Amino acid sequence: MPFQADRRDILRLMGVGGVVFASGLAGAAGKKKSGNDSDFFFLQLSDTHWGYSGGANPEADVTLKQVVETVNGVSARPDFIVFTGDLTHTTDDGAVRRKRMAEFKQIVSKLEIKTLHLMPGEHDASLDAGLAFKESFGPTHYSFDHKGVHFVALDNVSDPAGAVGDKQIDWLSADLKKVRRDGPIVVLTHRPLFDLYPQWDWATKDGAKVMDVLLPHKHVTVFYGHIHQEHHHQTEHIAHHAARSLVFPLPAPGSVPKKAPLPWNPAAPFSGLGYRQIDVEGYDGDTRLTELPVVKVPA
Amino acid sequence: MVLRRLLMVATMTAALGSVVRSAPPPNEPVIAVTAKKWEFAPSRIVLHRGIPAVIELRSLDHKHGFAVPDLGIRVDVTPEKVTRVRVVPTKVGAFPAHCDVFCGEGHEDMTAEVVVVP
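If you read the protein sequences in the order shown, they are chains A and B.
FYI, numbering that gives the first Met the number 0 numbers position 106 of the first sequence as 105, with every residue one higher than the one before it.
FYI, numbering that gives the first Met the number 0 numbers position 117 of the second sequence as 116, with every residue one higher than the one before it.
So that you can see chain A by itself, here it is in the shape it has in the complex (with noise of 0.2 Å):
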């Protein structure tokens, strides 16, 4: 099967073993169903904080471009990839922040997969509620179908507080009632949606009201972003799923007394980073995940 060669080719390329997590999307995990028409992968790519300058990561200016270019360079297809946000580094200067958004746009614009959805990260829209976000690059907030899966990006930073808002849960309520109960449905978001660890701030002020609106739906995935590592948490039947950065890794929740970049090492650069590619098999939604590192592509 050509799909299946496909992601043998990417995850030779990316020098990993295979398949690290399997997920229940449909709550069926295990079942093998590969070869539908329906099923399809995505990228999932976070954290980039284009504008980062720093000591832990002296290649920021280059890691997201290595990245599009490792993209590009396997015959195998994403139907199209995510950004869950901090899609850039903070600053005080909306002129620079709006100059930041530029320069990220260019580079992605460079992905051979044109089919992006991007949402914002506190570092992109905490400061002026989103509006440079929106002018750059549309709605905080939004959902889509593919291949029968729905899909609901969802937006908890435009609020400073970290909060999703009446408003957007509203809205998500009468987004989800197009839904049938047991129908996919991915969520994609910045913070995580529950209590990781809310003495780092990781964590969604609201997000008990927005999982009381998905817990009636039988078959729902979360990816996010904002903590820079791999994690994986259940809700009841709801699979939350942290994706790596692109830019610093960040030490385990309460591992250390303060939240701080993990040192860059020089001897294994971009350890620590990565991305996520999601394997969705079928038409009822089952989930796999491979965890994907950042590999320096030859000059």
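It is worth saying that the hints were derived from the structure and are not from the lab.
Possibly wrong hints are sitting among the right ones.
Okay, derived cross-link-like pairs now, BS3-like style, lysine-lysine, Cα gap no bigger than 30 Å in a straight line [unchecked claim]:
{"no.": "1", "chain 1": "B", "residue 1": "Lys35", "chain 2": "A", "residue 2": "Lys98"}
{"no.": "2", "chain 1": "A", "residue 1": "Lys295", "chain 2": "B", "residue 2": "Lys62"}
{"no.": "3", "chain 1": "A", "residue 1": "Lys166", "chain 2": "B", "residue 2": "Lys90"}
{"no.": "4", "chain 1": "A", "residue 1": "Lys257", "chain 2": "B", "residue 2": "Lys62"}
{"no.": "5", "chain 1": "A", "residue 1": "Lys98", "chain 2": "B", "residue 2": "Lys36"}
{"no.": "6", "chain 1": "A", "residue 1": "Lys133", "chain 2": "B", "residue 2": "Lys90"}
{"no.": "7", "chain 1": "A", "residue 1": "Lys133", "chain 2": "B", "residue 2": "Lys35"}
{"no.": "8", "chain 1": "A", "residue 1": "Lys257", "chain 2": "B", "residue 2": "Lys90"}
{"no.": "9", "chain 1": "B", "residue 1": "Lys62", "chain 2": "A", "residue 2": "Lys98"}
{"no.": "10", "chain 1": "B", "residue 1": "Lys80", "chain 2": "A", "residue 2": "Lys295"}
{"no.": "11", "chain 1": "A", "residue 1": "Lys177", "chain 2": "A", "residue 2": "Lys113"}
{"no.": "12", "chain 1": "A", "residue 1": "Lys166", "chain 2": "B", "residue 2": "Lys62"}
{"no.": "13", "chain 1": "A", "residue 1": "Lys133", "chain 2": "B", "residue 2": "Lys62"}
{"no.": "14", "chain 1": "A", "residue 1": "Lys113", "chain 2": "B", "residue 2": "Lys80"}
Given the structure is predicted, the values throughout are model-derived calculations rather than measurements.
With the hints as your guide, set chain B onto chain A.
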């Protein structure tokens, strides 16, 4: 989920004693804390277990937050008014505090510590 939230509130209330936002009762110690980009002053707040105290917060520039999740404290801190939090801590330890209203380039460093001593 509703039950879980109720249990969380009950747990925090048990750990903290009480939190109210009103004028401090007489004879209770008041700890004044200022917030500004990107620091709290003082950044170390010492309380005594079982002794009521009032943390009195004021922002010197714009809106910030003051959150001590381990003690169930979470308030907005604005220039327009003084925000008072009455606490009766019931557990000893050092508890991280942070600004939880994103406030700019140094937001991640806007942290403090609440220390509860016997």
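Self-check item: Proposed proximity, lysine 90 of chain B with lysine 257 of chain A (alpha carbon, max 30 Å)
Solution: holds, 21 Å
Quiz item: Taking 30 Å as the top limit, are the C-alpha atoms of lysine 62 of chain B and lysine 98 of chain A close enough?
Solution: Cα-Cα ~26 Å, so holds.
Quiz prompt | Distance restraint between lysine 166 of chain A and lysine 90 of chain B, which requires alpha-carbon spacing of 30 Å or less | solution = violated, 38 Å
Quiz item: Would the pair lysine 133 of chain A and lysine 35 of chain B pass a check requiring their Cα atoms to be no farther apart than 30 Å?
Solution: holds, 28 Å
Practice problem: Measure nothing beyond the straight line between the CA atoms of lysine 257 of chain A and lysine 62 of chain B; if it is 30 Å or shorter, mark the hint as holding. | Solution: holds, 23 Å
Quiz item: Can the restraint linking lysine 35 of chain B and lysine 98 of chain A be considered satisfied, given a maximum Cα separation of 30 Å?
Solution: Holds - the C-alpha atoms of lysine 98 of chain A and lysine 35 of chain B are around 27 Å apart, at most 30 Å.
Quiz item: Given the hinted pair lysine 295 of chain A and lysine 62 of chain B, is their alpha-carbon gap at most 30 Å?
Solution: violated, 42 Å
Quiz item: Taking only the CA atoms, is the gap from lysine 133 of chain A to lysine 62 of chain B under or equal to 30 Å?
Solution: holds, 23 Å
Practice problem: Take the C-alpha atoms of lysine 177 of chain A and lysine 113 of chain A, compute the straight-line distance between them, and say whether it is at most 30 Å. | Solution: Distance ~27 Å between lysine 177 of chain A and lysine 113 of chain A Cα, so the pair holds.
Exercise. For the pair supplied as a hint, lysine 166 of chain A and lysine 62 of chain B, confirm whether the alpha-carbon distance does not exceed 30 Å.
Key: holds, 22 Å
Practice problem: Would you check the hint for lysine 113 of chain A and lysine 80 of chain B, treating anything up to 30 Å between C-alpha atoms as holding? | Solution: Judged against 30 Å, a Cα distance of about 50 Å means the pair is violated.
Self-check item: Given hint lysine 90 of chain B paired with lysine 133 of chain A - CA-CA distance at most 30 Å
Solution: Roughly 46 Å separates the two Cα atoms, so the pair is violated.
Consistency with the previously given hints fails for numbers 2, 3, 6, 10 and 14, ordered from lowest to highest.
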